[in-house]
Amino acid sequence: MTSAPTSILDASSVPALAGSLLERLRAERIRVHAITNAAAQTFTANLLLAAGGIPSLTVAPDEVPAFTSRSDALLVNLGTLDSDRRTAVPEAIATARTHAKPWVLDPVFVEASPTRLKLARSCLAGEPHVLRCNAAEFAALAEEDATPGSIQAFAKSHGTVVALTGAVDLIADANNVLCVENGHPLMTCVTAMGCAGTALVAAFAALHGSAIEAAAAALLVTGVAGEIAAHQANGPGTFQPAFLDALFHLDPETLVTCGRVS
Amino acid sequence: MTSAPTSILDASSVPALAGSLLERLRAERIRVHAITNAAAQTFTANLLLAAGGIPSLTVAPDEVPAFTSRSDALLVNLGTLDSDRRTAVPEAIATARTHAKPWVLDPVFVEASPTRLKLARSCLAGEPHVLRCNAAEFAALAEEDATPGSIQAFAKSHGTVVALTGAVDLIADANNVLCVENGHPLMTCVTAMGCAGTALVAAFAALHGSAIEAAAAALLVTGVAGEIAAHQANGPGTFQPAFLDALFHLDPETLVTCGRVS
Amino acid sequence: MTSAPTSILDASSVPALAGSLLERLRAERIRVHAITNAAAQTFTANLLLAAGGIPSLTVAPDEVPAFTSRSDALLVNLGTLDSDRRTAVPEAIATARTHAKPWVLDPVFVEASPTRLKLARSCLAGEPHVLRCNAAEFAALAEEDATPGSIQAFAKSHGTVVALTGAVDLIADANNVLCVENGHPLMTCVTAMGCAGTALVAAFAALHGSAIEAAAAALLVTGVAGEIAAHQANGPGTFQPAFLDALFHLDPETLVTCGRVS
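Protein chains in written order, with the numbering used here: chain A, 1 to 262; chain B, 1 to 262; chain C, 1 to 262.
The set of hints was computed from the structure by calculation and includes no laboratory data. As the structure is a computational prediction, the values presented were derived from the model and not from experiment. A couple of the hints might just be wrong.
One copy or two, it doesn't matter: identical chains are merged, so the pair holds either way.
[To be verified] Dumping the calculated DMTMM-like pairs for lysine to aspartate or glutamate here, alpha-carbon to alpha-carbon at most 25 angstroms:
#1 156 to 23
#2 118 to 227
#3 118 to 10
#4 156 to 227
#5 118 to 62
#6 118 to 91
#7 156 to 144
So that you can see chain A by itself, here it is in the shape it has in the complex:
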């Protein structure tokens, strides 16, 4: 863990993989069950529909096992912690693990609340396929600043993939670090853009065995769609519908042409 991060994956293959996974998501109508925060529910559902998938959003504890087991992947976002979600989250994770469904953790604002930091840590013990977070959230969880080395060490010690999103996205597992440079600043001016994009990470993880490649491919797709949308939009208001349109129409060739992964 003291040596420099190295990558044994071929980063240049990610754009083509992203196109292939997007086409399979559409063809197979991948189902994602998302336990997500109140402000992200509608946009998460609309992002999954625009990508060609099928969302469900139930947070009722007695319904979550049925919905999780009929889905292809699970997203757990900690942005809203009401009593239903606090009970539903561990049940959903247990169901996903029992049925060998991939699941993804998004510890929103974990730096702001001891309650959710504790819950996020207990979720991490369930070994999510991917932990998607920003630098502040990572620092709260790892108790150190986010660097390529620290996220790789964290990924290794927790048996997960860390997808650290920012101006450049860093995606690490125990042995590799990938960088995705696509995206646009307007994506930070729309609430739940990151939360909703994480649903695509979950969908891709259902289609591809390498969670680090699946995560990088999903972040590439949202980044390229964001760039296309920013070109169409006049600001953050028109950016959001333009983003869904771009995702709906996105084709593999554009991903290969525009993708910047290293």
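Start from chain A and add chains B and C according to the hints.
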């Protein structure tokens, strides 16, 4: 129930009726109280506002009787089942029945959860003016596939109107089956489009004594607005604002010209 | 309280103040914690982001003190009253008062429910910096119709600023009444426009010691953004993204040119 479904209504009158009801909805500022799922609340409110009505959305059990009794109609959508809604739904239905307000049931994803199947059945005992569902939801409730004959039989035995939405909408009561062919595939790429459209069914049921005609007219309005919006939109993102604009400007002449009801 | 309302403020300075506060909001990335209704959460967050601020939305009682104390201002909107919010609201208000953070009360639909009328009255005892309401809500709280005189008397007796929104907004404290004439009828055709705009009142109250001027400046900003958006939009659907775009790009010169305050 073994004979072929027959219609004693004049289907050709539905487009003109739809225009008349839409104008009255705007003039009378019809109020709909919607107990609906978390992902549908905002769009349901915006659809009712764009149509000229006044939405309210409270799900607090101790507030639901007051909000229901001051509204003209009630929508009950089972897509989110938290503890407040489980308590509020039967109270709202009882209030609507006591005050002779029309009410409409939307049993979202009832095929996916035994909990909501049971709740949906108990709601049905309260004889909704209209049951709005898709083919999978109908099949779970009726324990048989949706056909013109089976939905008519179900409507008769449950004392309701069945509005089965799909590529073609089928609306049946004990004696009639109407088909509404308007709509556009992009409507299935936006979350809560069906849920929100059901609020218009409730509003029209407050204005017109024949629930089957009111339901067909409301589905016609949403279908025509969807066609106009699809013509303007570049994908599912821009479709949603275009749909609200189209509904806001929709006039009776367009409904008569574009309506396809049989 | 029987004399005619008089203003000792210089209304003509409000447009320049609004521009200055908007620029500071962007530069200082003002944080607003919003306990708001389910239908308003997403739009409130997007409005604050478009204005340059940072929203948080948690309603979990055990998290609200941490989120409130790290924010610059608090918004309390009573539109959704679930058990979490009923517990969280007094805790958030107490935290804001302890930390001397400005807070704003929006008693949505208080005229429709005895439960929330009672809660709104107990919130008012916590002396919000601003009470934002419409005429029906004011009448329920004050037990008299809204007039410049009655809102000023209410503001004086409750130690608050009353911001009464409508075709013309009236903003009163014990000694002053300001009128903001900017705005557009399409703003009433989009749900949560008023709720979300109140978050900007809270943000401006964090930046400026005079709550009446901060409230008037915030309503001026939303009114001018609404006018610009209405010029771009084809109806209430396209109005909402156009509003966020307009707010994102709004500059001090436009506020001075277009502002109508007296």
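Violations among the numbered hints, reported as their numbers in ascending order: 1, 2, 3 and 4
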